[in-house]
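Sequences are here, hints too, so could you generate the full structure?
There are 6 protein chains.
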Amino acid sequence: MYFEDYSKFISAYEDFENSKYVIFGIPFDATTSYKPGARFGPDEVRGASWGLETFSPILKKDLIDLKICDKYNISIEGNQETIINRAYLAAKNIMENGKVPVMIGGEHSVTYPMIKAVKDVYSDFIIIHFDAHCDLRNSYNGNEQSHASVIRRSYDFTKDIFQFGIRSGDREEWEFGWENTNISMNMPTKTDIEKIKELNKPIYITIDIDVLDPAFVPGTGTPEPCGFSPKELIESLYLLKELKDRIVGFDVVEVSPHYDLGKITSVTAAKIIRELMLIIDRQ
Amino acid sequence: MYFEDYSKFISAYEDFENSKYVIFGIPFDATTSYKPGARFGPDEVRGASWGLETFSPILKKDLIDLKICDKYNISIEGNQETIINRAYLAAKNIMENGKVPVMIGGEHSVTYPMIKAVKDVYSDFIIIHFDAHCDLRNSYNGNEQSHASVIRRSYDFTKDIFQFGIRSGDREEWEFGWENTNISMNMPTKTDIEKIKELNKPIYITIDIDVLDPAFVPGTGTPEPCGFSPKELIESLYLLKELKDRIVGFDVVEVSPHYDLGKITSVTAAKIIRELMLIIDRQ
Amino acid sequence: MYFEDYSKFISAYEDFENSKYVIFGIPFDATTSYKPGARFGPDEVRGASWGLETFSPILKKDLIDLKICDKYNISIEGNQETIINRAYLAAKNIMENGKVPVMIGGEHSVTYPMIKAVKDVYSDFIIIHFDAHCDLRNSYNGNEQSHASVIRRSYDFTKDIFQFGIRSGDREEWEFGWENTNISMNMPTKTDIEKIKELNKPIYITIDIDVLDPAFVPGTGTPEPCGFSPKELIESLYLLKELKDRIVGFDVVEVSPHYDLGKITSVTAAKIIRELMLIIDRQ
Amino acid sequence: MYFEDYSKFISAYEDFENSKYVIFGIPFDATTSYKPGARFGPDEVRGASWGLETFSPILKKDLIDLKICDKYNISIEGNQETIINRAYLAAKNIMENGKVPVMIGGEHSVTYPMIKAVKDVYSDFIIIHFDAHCDLRNSYNGNEQSHASVIRRSYDFTKDIFQFGIRSGDREEWEFGWENTNISMNMPTKTDIEKIKELNKPIYITIDIDVLDPAFVPGTGTPEPCGFSPKELIESLYLLKELKDRIVGFDVVEVSPHYDLGKITSVTAAKIIRELMLIIDRQ
Amino acid sequence: MYFEDYSKFISAYEDFENSKYVIFGIPFDATTSYKPGARFGPDEVRGASWGLETFSPILKKDLIDLKICDKYNISIEGNQETIINRAYLAAKNIMENGKVPVMIGGEHSVTYPMIKAVKDVYSDFIIIHFDAHCDLRNSYNGNEQSHASVIRRSYDFTKDIFQFGIRSGDREEWEFGWENTNISMNMPTKTDIEKIKELNKPIYITIDIDVLDPAFVPGTGTPEPCGFSPKELIESLYLLKELKDRIVGFDVVEVSPHYDLGKITSVTAAKIIRELMLIIDRQ
Amino acid sequence: MYFEDYSKFISAYEDFENSKYVIFGIPFDATTSYKPGARFGPDEVRGASWGLETFSPILKKDLIDLKICDKYNISIEGNQETIINRAYLAAKNIMENGKVPVMIGGEHSVTYPMIKAVKDVYSDFIIIHFDAHCDLRNSYNGNEQSHASVIRRSYDFTKDIFQFGIRSGDREEWEFGWENTNISMNMPTKTDIEKIKELNKPIYITIDIDVLDPAFVPGTGTPEPCGFSPKELIESLYLLKELKDRIVGFDVVEVSPHYDLGKITSVTAAKIIRELMLIIDRQ
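Chains as they are written, first to last, in full-length UniProt numbering: chain A, 1 to 283; chain B, 1 to 283; chain C, 1 to 283; chain D, 1 to 283; chain E, 1 to 283; chain F, 1 to 283.
Simulated from the structure, these hints should not be mistaken for lab results. Be careful, since some hints might not be right.
Since the list can't tell identical chains apart, any single copy or any two copies may satisfy a pair.
[Unchecked claim] Lysine-lysine pairs mimicking DSSO-like chemistry, simulated, CA-CA at most 27 angstroms apart: (1) 20 - 201; (2) 190 - 231; (3) 92 - 159; (4) 67 - 241; (5) 159 - 60.
Okay, here's the thing in structure tokens:
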């Protein structure tokens with residue numbers, strides 16, 4: 001009665017059984033090519049969430065009315081394969097229980113086990129991908145499971161991939177994207193949303209925080225100039241409101257507290273998570 | 001003759017009697033809920049002002065043509081009540097002498113004594129409030145004089161409150177705002193200015209630097225993503241030009257040098273102060 | 001089974017009833033005169049503890065063999081008086097249950113409720129105080145409960161105060177110390193320990209992290225040059241081994257993550273806590 | 001065969017003879033009035049270039065298809081005059097060999113030897129100048145070769161000066177600019193480009209990185225709020241595509257790694273250099 | 001003739017054939033458990049070396065009189081196994097040519113290929129190991145080649161291991177060390193040196209920079225308080241002068257520029273390298 | 001009566017006429033070879049002085065009992081020669097009025113005008129020099145007035161130079177020092193003091209803050225590992241007590257706030273200045 005526990009994401013104190021959303025982190029960054037540190041992302045985002053209100057004045061909804069569980073982080077005991085498999089099992093378990101996984105990375109390679117679990121549970125589905133980078137390399141530094149290949153790997157699971165905000169990649173990646181995915185250098189338009197809507201499939205959303213300009217999110221591993229503002233990203237997320245019943249999970253990755261001055265990157269990640277949970281809102 | 005004194009705000013070397021503007025700081029931040037440090041704001045803003053020119057190319061006016069006095073900071077000897085009272089007396093004294101107080105905070109609670117002094121001197125008046133946060137809590141952590149309650153307290157003095165750029169608050173604050181103040185998530189429009197003009201009353205302006213996006217002002221206590229750029233804010237201040245004869249004082253608060261990389265927050269605060277003094281310009 | 005929880009102090013996952021040590025934080029810093037920020041200390045120290053091993057090669061003991069509970073932080077709802085009282089009740093409750101409170105600050109004023117609880121539970125006792133500053137001001141900025149007065153206030157509870165590592169204070173504080181406390185500019189000697197031993201009373205230890213030189217603990221509010229190294233401090237703590245049965249509680253305060261480069265201040269605080277718990281070791 | 005050398009600008013491993021572009025730095029900042037540090041700019045920009053791809057998805061061109069030589073930095077042995085002369089000779093030598101010099105500063109005064117060399121080699125020419133500051137002072141702190149005078153000095157070589165993004169200067173500088181140069185507070189418009197095109201002369205481009213807002217480039221010596229985004233600048237550079245055959249050299253100056261959080265300033269400078277080389281592309 | 005190249009270690013501009021020392025980096029840190037970043041170590045140490053003089057006033061020798069080659073870094077193309085093998089081949093090649101490899105890490109796991117190469121070339125040899133951590137784990141997070149296991153792995157190659165400055169490890173590591181290696185919590189004494197001398201074997205030295213206290217080297221991945229000062233370490237290295245003919249190579253690892261305020265960690269690493277090359281001095 | 005002025009050095013509010021000590025800064029760093037920034041030193045040291053007490057518990061004296069004037073900084077209008085001359089005239093004027101100049105740098109070249117003024121006023125005198133670097137270069141980068149030549153230049157004024165704490169220089173500097181000055185790698189011993197005492201001449205003291213180890217003073221331009229602690233330096237200053245009547249002035253230079261985490265460098269400089277003024281104490 002004297003104490004209080006701020007160790008979880010704000011307002012995420014429901015237990016697993018009663019929850020609709022299950023937040024967890026995958027604190028892994030071992031394949032990061034440039035500046036590692038994303039392993040500290042999940043805990044930083046949790047801490048930063050307490051600097052926000054639980055109420056969204058635009059959506060006029062409040063996190064305290066949602067049932068959210070925070071399971072802390074996937075255990076990182078073992079090598080990359082073991083960790084990835086553990087994350088896959090956890091994500092699958094959450095979705096099989098009819099809940100929405102909300103994953104905080106970690107580097108982008110941690111989206112792979114999420115996608116794999118979505119494939120298992122929902123079979124046919126759409127990926128909406130926000131990022132500065134294509135992540136379409138067939139392999140990177142000899143590793144087919146690297147952060148730079150994660151969307152290319154996902155292509156094995158679904159051909160319905162929509163990429164937004166992309167502004168960096170090598171020629172081969174771009175050519176792959178131009179041919180095979182719906183790759184856009186911009187935020188989604190209403191036409192894009194319409195196209196996604198017509199497919200009428202479950203949707204998984206993966207947001208690499210570096211889709212935003214480094215000025216807004218200095219705490220990320222591979223800063224790429226000429227990005228978007230948080231306002232532009234969140235406004236484009238509001239467009240997803242009409243798809244909300246099909247969103248089966250999402251992640252925000254590549255938050256790296258190194259260089260994250262005044263925690264502005266983590267608080268931005270936390271706000272994106274708050275708004276996305278309120279947009280989906282399946283109480 | 002060998003030395004020079006850069007300890008005051010740039011171009012603010014007039015004495016009190018001959019001045020039209022009186023700059024002073026209130027280096028107080030003891031009620032800050034998240035990241036304290038705004039007590040160092042006034043001195044940082046002074047220092048940063050020397051990185052600017054005194055001339056504004058948009059207004060085509062020069063600070064060296066104004067009569068500005070800088071009295072350094074309110075003494076912080078004593079508890080919150082004592083300090084607040086001292087600031088109130090100082091502000092009142094300045095306005096009673098027909099001068100414009102230009103206050104640099106400190107956390108937002110230091111606006112309270114300013115408002116109280118405006119009430120005493122001008123009786124009926126308007127508050128123009130730029131902020132990311134409503135600051136409309138009835139009390140915060142049991143303190144009715146906290147930074148999060150400052151506009152709610154001001155409501156006891158005047159009902160004519162115009163809030164701009166607000167994007168965070170709890171449900172109760174927003175409901176209070178929607179009912180009782182002119183609360184806007186945007187910068188002022190010409191219609192807003194028209195409405196203010198018609199009221200035909202003295203105006204006090206309070207600017208919480210966090211109305212700007214944290215990318216532009218990382219050095220602030222409660223960074224809230226999705227804010228405005230300095231360009232957007234200053235352009236909206238130019239709209240106030242036609243109200244300039246009614247502006248009786250203003251403040252810029254919540255500049256906190258912790259995390260203020262390259263002093264960009266303090267130089268932005270200094271530029272806002274320069275432009276606002278040049279806009280009012282009552283020589 | 002997929003997840004792990006690193007939110008508590010390393011190895012502090014026992015429940016309250018079965019524990020011998022109860023760790024908790026008091027995240028309060030509102031009276032800090034120079035650089036605030038110590039409110040973030042407890043969580044930072046918890047996080048940093050995971051960079052250490054649980055085993056002490058000097059003491060040849062392991063934290064995993066102790067029964068430690070971590071209750072997170074005292075709720076900071078309310079004003080200073082309310083918070084202080086809540087902390088006092090918590091500390092009293094812990095000691096009345098025969099457990100050792102291990103408190104992480106917060107600014108030094110949070111030691112006051114600890115001392116008050118010790119007085120209630122043990123009546124006659126000794127304070128061992130490590131600090132750069134006397135903390136013997138009768139009042140500071142008009143506040144008798146400020147961080148700069150905490151030992152002077154404690155003097156109302158016991159005259160048996162031993163101060164070590166002190167190197168800063170105003171003339172009046174030093175004169176009070178020279179007359180009334182056992183004030184030393186050095187670390188404790190064997191003679192000091194002997195003297196304490198002979199008093200044969202319960203002992204409470206309070207460590208202001210700034211007793212160490214700012215080079216070793218840059219993350220503190222009032223850095224005072226010419227301090228001690230962590231090695232010197234911890235070696236002097238080993239001298240307390242023969243008093244271990246009388247140590248009824250301790251705290252480490254003034255860890256402020258602002259400016260704490262590479263978390264070296266918090267990891268040092270965590271190591272001091274680990275070693276002190278292992279020194280006392282009352283399983 | 002085991003090793004790799006990342007010490008040059010990405011993809012700049014051609015030798016001098018076979019190259020079309022010659023990158024070099026002038027690591028000089030001794031006249032900087034506010035925050036020095038730009039001397040470290042060239043090496044930081046080189047390092048940051050490796051965080052980028054060589055392929056530009058907008059231009060659909062790749063740096064690996066260009067012939068680029070990186071000569072490291074001008075030797076800074078000697079006083080300002082000696083260094084400036086050495087840089088002048090180097091730039092002249094590069095242009096006399098029909099190559100495009102790509103200079104990385106250093107403070108803005110290092111553009112002077114570039115302009116002087118352009119004068120020698122091309123005689124009649126145009127300067128396109130992006131900057132937050134006029135740099136039109138006749139002298140600064142008694143030095144006619146200071147960073148604040150560099151465009152005024154250039155005016156001795158050509159009257160065809162186009163200044164963009166300017167937002168700071170003293171009254172005299174602005175009056176000089178309004179009368180004598182094409183000074184604009186905005187990015188170039190199509191009309192501006194048309195005007196430049198009609199002059200039909202060789203073009204030298206100098207970009208002071210502080211033309212961008214400090215939020216995007218915190219690592220610069222004299223941050224001036226209300227600047228442009230990298231996206232706005234680079235889009236305006238694309239307008240220069242139709243002038244590309246006349247561009248005889250360019251520089252990016254005032255990158256100062258002090259305070260450059262997460263190297264976002266240097267990576268932005270590197271991206272500007274990549275895009276400009278691809279725009280010119282005279283293979 | 002106008003340019004200068006500061007991209008290599010100071011005074012290391014000899015070519016491979018004529019050199020006696022071959023400096024190279026292994027920019028690898030993917031197994032780091034706590035704070036990654038050591039991959040940037042080699043380039044930072046090179047840069048920082050230019051802040052030193054080449055002359056050692058204690059040894060009265062000058063680096064410019066040595067023949068030193070700097071091959072930049074081992075290519076990190078491929079997975080851990082590939083990189084490690086490439087480093088092994090490089091080190092072996094250097095030693096087979098009668099030269100002294102001077103390796104800059106990278107996390108401590110990169111010492112493994114060095115040791116393996118020493119085994120191949122010299123067969124029977126001694127390891128002198130300076131570190132805060134035992135690095136004697138049989139495996140760490142399921143990886144037998146992790147930074148925490150590097151000395152345990154080395155034990156497969158030689159039983160003559162001398163560990164100095166060690167102050168952290170789990171119980172099992174310490175028990176392994178107490179039984180099997182010459183593990184010391186202190187710097188080497190003359191007795192230690194005598195013992196090493198009597199073994200009369202080739203010597204490889206590996207220095208984890210975190211053997212120093214984090215106050216002196218904040219830029220390291222796993223700061224462990226209560227370490228040594230650079231003066232204490234370098235003075236102990238002078239004791240090795242009489243063994244200099246047997247030293248066949250050395251490395252300095254775990255320099256991680258994240259958090260390395262003012263580059264003091266990298267300049268310290270550079271000074272250690274300078275002094276060790278001058279101590280060995282086999283021209 | 002409401003305001004307070006913290007813009008000067010603590011307790012330095014006497015006017016020029018009545019003062020015994022005159023503090024002033026020379027904010028100049030244009031010849032700095034490695035990391036500039038010392039120009040911000042004087043203001044930072046002033047600010048940091050307010051984090052100290054005015055009372056020295058070792059000397060049992062209080063700054064408030066001294067008569068100290070703070071004239072802010074030498075104007076830096078003009079080129080190096082002009083500034084240096086202005087500083088020289090200021091220093092001379094202070095000493096001719098029987099006062100003690102206390103100069104805060106700035107880079108070390110600003111000691112030159114002080115020495116020149118001492119020569120003019122006192123003719124025959126001793127220099128006590130604390131530094132990591134010899135500063136005995138005949139010229140540096142072609143500049144005979146650079147920071148690296150300041151003691152060599154001083155040698156033209158007096159042969160009685162005592163250098164302490166020196167640990168870096170090129171071979172030629174050391175040879176000059178070994179032959180011509182009393183150069184020591186250590187702090188002064190009683191024998192050194194005796195030798196100085198016997199010379200029976202006025203004494204000027206110049207302290208380059210980098211004589212301290214970079215761990216204690218990270219905010220300096222040319223960090224050189226293996227330095228001294230503030231405790232060691234200040235204790236050696238106490239040895240000067242018996243020479244106090246002959247000390248005619250002193251300076252502390254090379255404090256550079258860049259990278260000065262938590263202001264620990266500036267607070268150390270302020271403490272050295274406080275203690276030295278109290279040691280001299282010529283009321």
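Structure-based check of each hint:
| no. | hint | in the structure |
| --- | --- | --- |
| 1 | 20 - 201 | within (20 angstroms within a copy, 52 angstroms between copies) |
| 2 | 190 - 231 | both (17 angstroms within a copy, 23 angstroms between copies) |
| 3 | 92 - 159 | within (21 angstroms within a copy, 48 angstroms between copies) |
| 4 | 67 - 241 | within (19 angstroms within a copy, 49 angstroms between copies) |
| 5 | 159 - 60 | between (35 angstroms within a copy, 25 angstroms between copies) |
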